[in-house]
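**Student:** From first to last, the protein sequence lines stand for chains A and B. Its first residue numbered 0, the first sequence is counted upward by one per residue in numbering that gives the first Met the number 0. Its first residue numbered 0, the second sequence is counted upward by one per residue in numbering that gives the first Met the number 0.
Read the hints as simulated data drawn from the structure, not as lab findings. Check the hints yourself; a few may be wrong.
Every beta carbon over 12 Å from chain A, so not counted as near; a handful from chain B, in silico [claimed, not checked]:
id: 1; residue: 83
id: 2; residue: 113
id: 3; residue: 163
id: 4; residue: 172
Computed list of chain B residues with no C-beta within reach of chain A, every gap over 10 Å [claimed, not checked]:
id: 5; residue: 67
id: 6; residue: 69
id: 7; residue: 73
id: 8; residue: 109
id: 9; residue: 120
id: 10; residue: 128
id: 11; residue: 175
id: 12; residue: 197
id: 13; residue: 232
Facing chain A, according to a computed beta carbon distance under 10 Å, are these residues of chain B, among others [as the list claims (entries may be wrong)]:
id: 14; residue: 23
id: 15; residue: 24
id: 16; residue: 25
id: 17; residue: 26
id: 18; residue: 27
id: 19; residue: 47
Heads up, the beta-carbon is just placed ideally off N, CA and C, and yes, glycines get one too.
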Amino acid sequence: MIALIGLVAGIVLGLVFHPEVPLWLQPYLPIAIVAALDAMSGGVRARLEGMFDEKVFVVSFVSNTIIAALIVFLGDQLGVGSQLSTGVVVVLGIRIFSNAAAIRRRLFGA
Amino acid sequence: MSAPEGGRAGARRALADLLRPRATRGHLIGGLLSLVLGFALVAQVHTTQRDTTFATARQDELVGVLSDLGQRSERLRGDVRDLEDTKAGLERDARGGTALQEARERAATYGLLAGTLPAEGPGVEVTITDPGGAVRAADLLDTLQELRDAGAEVVQIGDVRAGAGTYFLDGPGGILADGHRLAAPYRVLAIGDPHTLTTALGIPGGVVKTLEAAGAAVAIAQRATVKVRAVRSG
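Bound-form chain B, shown alone (with noise of 0.2 Å):
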């Protein structure tokens, strides 16, 4: 300490002391607490360059990023709300859509009702064959009822197709059906379950009973697709 000279040396001597590997436990940890902060060094150092894009810059400019990044956030935002009311006018025309095809439906179901759709489906062609002329309007008209009650939708007589006002009339040349002119035999088109049809004319002092005291012969034929092609106009 006193000569510099013997300080200097003596200082050498510790430094090549120091330089000197030794494995002590005091020493691997200096090692390893001199890696960890290296590795922190590097670490912080990366960080730090990473960063200084906006660390030099000036604190107008900075107001200006600000302020575009509020006026782009804004301009998204509305985007945004318009895209939303878009996408919540699509889904509503879509429940629009499916309304049209519900109505279409009902539409189509009504037609088939008021007999102004042409139809087709499984059901009974009943012809009614009347030798001696004893089949009256009020028997088509049993028929008719017969049918409906058994669940037929659609029913064609002849040509005419039977709606709710059909109405028969025994007229000088025989039956009038909404004023149609209808002839022996008579073949009548009936749509819904084929099996219930049946039942349902052939019970005991049902039409086909009726009609066949009457002197005319009834026959019933079940079909997979009874085709119904007479239409009310309006």
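Here chain A stands alone, though its shape is the one from the complex (with noise of 0.2 Å):
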């Protein structure tokens, strides 16, 4: 709940604040929002499983971020930016499908 708060909290002030992104953030923003959208997504599953840890779930949230940002950033000084940011989406894309499936099958059944 308290994490939905500062979802909603969080669009919130962006949308008050209009925030700039800056320069050097702006290629690895994006990636570091899907894996914490992956990271989110586990986090409610775990805890629909009842197998949530909230030391695990900060730590792979933090984490997760800062490596898909970091993978772009190597892929960016390998000259494979591009082709590394896609592989990244896909995989956490194919990581929040499956969570959203678990999901549904914990709270549909189906």
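With the hints as a guide, bring the two chains together.
**Tutor:** Here it is, written out as structure tokens:
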């Protein structure tokens, strides 16, 4: 619940303040957001499956975003940034989908 | 897990449990992370929306836009070059104006020295009365030279403006200066430092003493403004 309130509050704050994404962050923020979404869905799934651990959630949330951004950064340095971004997004998307499917199965049994 | 109904009910309970607010540290951190996520999400969406102008354009469109910009940039660069040329020209012209000003000032100075321009300034008025007719051309020349030595820039004797080639001649009816006849009393106007000119004329054995010894009377008046109107032609 607090997480939901936090999410809404964050969106409201973003709408109010119209934050400017700094230029150096622009390539990495989208990937980090997708990774965070993956961590969120994983957290919800774990909670529904009764194996939620706050420490795991926090650590996975932070480390996923950082690793995702790092991968894009590394890809940029190696000259395969866009391909690597696509790969990361695909992998994270698959994970989000599988988490969503697990949540759906838990909630609706289908 | 094994019984779908029980699993579903458990999941529902877990969902309700999930939505119930509890202020443990982990939940607060989760809420904080969610807040950051929401904030970043909106920021990124804003950024993405703003940058869609060229993101959706096709390659040939982008090439066209780039080419337009290149041409425009080239044109503007040409404008800059033209304007800089104009600026440099105007600066040269400004220096030309200064040179013209200096030339005019030099011309004025030379005109004063050559006697082709009227002048006025501080100076002395020397009046030589010569009842006995004792004053010779040489005496007037001495007077002129003494004044020049004392720094007189402009000298007028009678109606004659003294120049570099001024001469005095003892004629049958009086003294000729540059061909003009001078009549006593001789009036000499000199522009220069009045005190210096007076002192130079009055030194012992100088012009005044010589003239007085010859029987003439010399009156020297210092003036804040002496107007020399006589000019030499050419």
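**Student:** It remains to establish, for every hint, whether it holds in the given structure.
**Tutor:** Hint check results:
no., hint, in the structure
1, 83, "33 Å, holds"
2, 113, "74 Å, holds"
3, 163, "79 Å, holds"
4, 172, "103 Å, holds"
5, 67, "25 Å, holds"
6, 69, "24 Å, holds"
7, 73, "28 Å, holds"
8, 109, "69 Å, holds"
9, 120, "72 Å, holds"
10, 128, "98 Å, holds"
11, 175, "95 Å, holds"
12, 197, "84 Å, holds"
13, 232, "81 Å, holds"
14, 23, "7 Å, holds"
15, 24, "8 Å, holds"
16, 25, "3 Å, holds"
17, 26, "5 Å, holds"
18, 27, "6 Å, holds"
19, 47, "8 Å, holds"
Of the numbered hints listed earlier, not one is contradicted by the structure.
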